[in-house]
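**Q** Here is how the chains run, residue by residue.
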Amino acid sequence: MIRRLNYTGRLRIQRKDVRVLLKENEGALSFDANLNGLADYDLPPDASVFVEAYRQTVWMRFPFGRVDAINPPADRKLSEFDTPEDILFRVKITANGDAHKLIAEADRIPLVKLGEKEGERTPLLPVKPQKLGDEIFRVDYEHHPKLLINSELGDWRSIAKSPSFVAIAYPTVLREILVRVLIVDKHDDDANTDDWRSLWVRFAKLSTGLGDLPDQKDIDERFIWIDSAVAAFSSRMQTKERFSEFWKKEAAQ
Amino acid sequence: MKLHRLNKTGIELFSYFLDALENDPTQTLPKSILEDSTTSELITPIVEVEQRIFDNRFNAAEYFDGVFSKAGLSVVDRDIGLWSWLTLFYLDETCPPNKGKERFPGHRARYIPEVDNFRLYYRHLLAGPYRIYKAHRQNPQRAFATLCQPIDKPGDIVESFASRQELITNPAIMEVATQLYIDPKTKLPKRGAQTKNAGAARRLVDILNQFDVTWDLYAMLSKEILEVLPEEFGKFKAPAI
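The listed protein sequences derive, respectively, from chains Y and B. FYI, in our numbering the residues of the first sequence are 103 to 355. FYI, in our numbering the residues of the second sequence are 34 to 274.
Just so you know, the hints here were simulated from the structure itself, not pulled from any lab data. Heads up, a few of these hints could be off.
According to the in silico footprint, chain Y covers these stretches of chain B (three or more CB under 8 Å from chain Y) [to be verified]:
#	region
1	60-70
2	106-117
3	179-186
4	207-219
5	248-258
For each residue, glycine too, the CB sits at the ideal point set by N, CA and C.
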């Protein structure tokens, strides 16, 4: 992830305040965007609103009128995209008359499919297949952490749920992510629901019952905190029992 | 030859061939898998592709765009079998032999596209330039900074821009990159464009990443972006002598 400094006072619109619904009609993709949540922000009424859809080298932009008069374009077809998978959206609010100044932005908004509940949109750690050479799994940090499982191994969904994999991989993954969040990024917050790092801090605190984080300057204490979090997580997941059972069967063969 | 796509077996054989080249760089091309029905499938309507030498990534992308139009293929970006077939068909371009008839392939993603991997998808030697060409179809010349290179040597400018979705898809930014770094006479990168020095392509990427926080770069014209660039880019603004 490229880190950029926001010195401009640009408002960050929370993803929960924007909802993009996928529509499919005989294979043709389009979308509806619910931007009612923008009313909760102190935005200039005459500022322009744009919605952008993107994935890799494919990008489309849709003008949505002004803050005080949201006016979706009639044509909201996602004609440049072949499938809805991994399409993300951005909402941009730009100043009227001030040379393209960006006032507010929401980014990495996923599509919600019809009938999908809000809470189902993004699991904390989505699992995806990918060719990984000789590696079995890897954590990918594009946008937010994903657990990649080597697609050449076969049924990756079953692998992700298998007791031996769960017992070995998941504590390792938790440790890696927490080291990145707490040691590398020195992240403290657990309240910003739009920041995956905050979600992981909250997860670690709630699921392990550990108290407040040690100060970010105290690296050693943070490593100890992470060790405790992984130990508590492993205990809750009964990883030793799972692996032990798997190993007994393996040894008996 | 008629345009095909490799099936799963064909892709595996192609992959084995690339592996085999690491041990024996003089391995001969497994051409039979290009048309064998057990390793490839014919694309219909039938379209012929011809062996040719591409001057650069732009020529290749332009040619493929024409081929796909004839075949009625509108969405091919993520077609792993098709791009693997084309890479094998044009192996003398994608992995040219040296004087000793040895081939030394690079990362696998250059030959068999990794369409779901955001760090690698743009590195495919044929799909990469085609995606850029297609993203700028209304005026692909504006993205020439990332399309002027030989097929098998994309280089630093391509890596700097293509790895960042918000830059490679932005028409004005690609115009700026082409104006700054491509010599209009030679159609090649200007001296110093691919270095780590002030004003070089990598610096432009850094600066644009910071601008992206302040301005709606997709709404800006190339002229407007050029006007707000720091002085270090001045030497590249002047036309090459």
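**Q** Which numbered hints are broken by the structure, listed smallest first?
**A** The structure breaks hints 1, 3 and 4; every other hint is satisfied.
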